[in-house]
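S.K.: Okay, here's what each chain looks like letter by letter:
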Amino acid sequence: MTEGPFRMNWISNYVRPKINSLFSRREVPENLWTKCPECGTMLFHRELADNLNVCSNCEHHMAITPRDRFTKLFDGGIFVEIKVPDVTVDPLQFRDQKKYPDRLKAAQKASGEKEAMLVVTGEVARTPIVAVAQDFSFMAGSMGMYVGNAIIAAAKAAVEMKRPLVLFSAAGGARMQEGILSLMQMPRTTVAVQMLKEAGLPYVVVLTHPTTGGVTASYAMLGDVQIAEPNALICFAGPRVIEQTIREKLPEGFQRAEYLLDHGMLDRVTHRKKMREELVTIVRMLSGQSPAIAGDLPAPALATAAATTAT
Amino acid sequence: MNYLEFEKPLAEIEGKAEELRTMGRTNPGTDVSKEAEALDRKAEVMLKDMYKALTPWQKCQVARHPERPHTRDYIDALFSEYTSLAGDRNFADDHAVMGGIARFQDTPVVVIGQEKGSDTKSRIERNFGMARPEGYRKAIRLMELADRFRLPVITLVDTPGAYPGKGAEERGQAEAIARSTEKCLQIGVPLISVIIGEGGSGGAVAFATANRVAMLEHSVYSVITPEGCASILWKDADKAKDAAEALRLTAQDLQKLGVIDRIVKEPMGGAQRGRKETIEAVGKAIETMLKELSGKKPEGLIKDRRQKFLDMGTKGLAA
Ligand SMILES: [Zn+2]
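Each protein sequence line maps, in turn, to chains B and E. Following our numbering, the numbering of the first sequence begins with 1 at its first residue and continues without gaps. Following our numbering, the numbering of the second sequence begins with 1 at its first residue and continues without gaps.
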């Protein structure tokens, strides 16, 4: 291998999931079944995972971690992580009832992830992309310096590799413990989006449940194409805050994906199981590529070669 | 004078001095001037001590003081030929945002700012300075105008935040804020911003993504109000004082963090006790910042502005 993205120094930590044992850490008896929060159906874990965490009875889209999402998204479940520059931990020395570093450590332990965003690259239906996903289970996916750095790193990698960027958003809003520096991620990530636009690269945003606050009011609303998962809550101010302000009940489905679609704020609402195909179709057309090869594909040869050299 | 909660001891002394003087006027025989003057001196010392060491929570209250100069006052005093330009060309004109072309000294500029209003009627009309999407879209339109005609842009930030309303959400509050921030980063003219009161979250950053950001000494700039932060993290809105400390929302902390470039000093006792001096000081700061940026090429201004925000926060607070 003489060229290609896999030799770039900002790529680290090659990921090769063992497909069969992917969900093994959840195979403790009490977690074999998950109750759908919408319809109450008990769903067997393996079936639920195969269904991308969508309830097979009522189509309710449950949360999915970035790592699980990417495993299902990329050909053969193979992707490469892109390194995110380190941040100053607890830049404000923030104290509420718990220390911020303790909250961070707890979130790291519970998720097995470093922070609330995962940046990767790989091929989807033989279409090279950079993808970034926000992890709602990590401190509500909140946007701090790390999330900002992750988006900037993703944009830089996309520009360098000339690949489209697909971003999956999910956030309760700002990382309050980083105060004003959290707010400053709004302009910072907007600069990242501008890098993509200037390089003529497609930037597709997939809004997942929930995407709120400063995240919605920056990079998550600046996509060339805006897609949402069904019934995802997408807003600036949350429904509770609005009800308190206007003192009236909000209409059914307010601020949900379908409601935003009706109000002209989105291009599409797409079922998670159709998302992969749709993303490929869109980025290939926007970047002038031929139609994609249909169906599940094994891991790309290039990645397999890289995996061999890396391990 | 409207006294703030923490100024109550001061209000008492000043009230007593006033009482004495009234007594003196009604009983010309009794000389109270000495006692009244002593109380004045005591009040002065107390005011000085108070404002020398305002806590972050006290600063929040000063920043929200109803008698603090607002955007309208700055526009009236510092700009000539102010010609307001209205509307977003789509839905409405948002009165929470003032804006138009004007001369700052002799230079034609675009000036934009949130206006909170100064009495019940104007506060309602201005929606307490909380903009709806139309306000951000008007700002975008004015920034585009400035860019086309090479006019520097001056923004005055004074908002509790973007308006959390049903219609505002339906018409794309988040998208409007995102586009306004994006526009700030795109224009090839000097963009300078002064936070004159409250810099409330996304509603503020959509105007303040500028080449130079100045803040009045007792103004605040934060990702969330201390009350909001307290109710989320402490589950108790009464902990706003603690939240205000933790958030580092004062001009002094924000300068240390590299988020703002300069602090504009307020008169003793805050901008509300010296409106004219405050407005003049802001005028001086705008003049200096405009000078710093004059002669820079459009590409340079855009590049510097982007780099400034990319670099932000990499240091943290070294305190
Ligand atoms: Zn269900």
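Each hint should be verified, as a subset may be incorrect.
[Stated by the list, open to error] Taking lysine to aspartate or glutamate and the EDC-like style, the derived pairs with C-alpha atoms no more than 20 Å apart in a straight line are:
# : chain 1 : residue 1 : chain 2 : residue 2
1 : B       : K98       : E       : D242
2 : E       : K315      : B       : D90
3 : E       : K42       : E       : E19
Hints were generated in silico from the structure; no laboratory data involved.
S.K.: Hint by hint, where does the structure go against what was stated? Just the numbers, ascending.
M.R.: none
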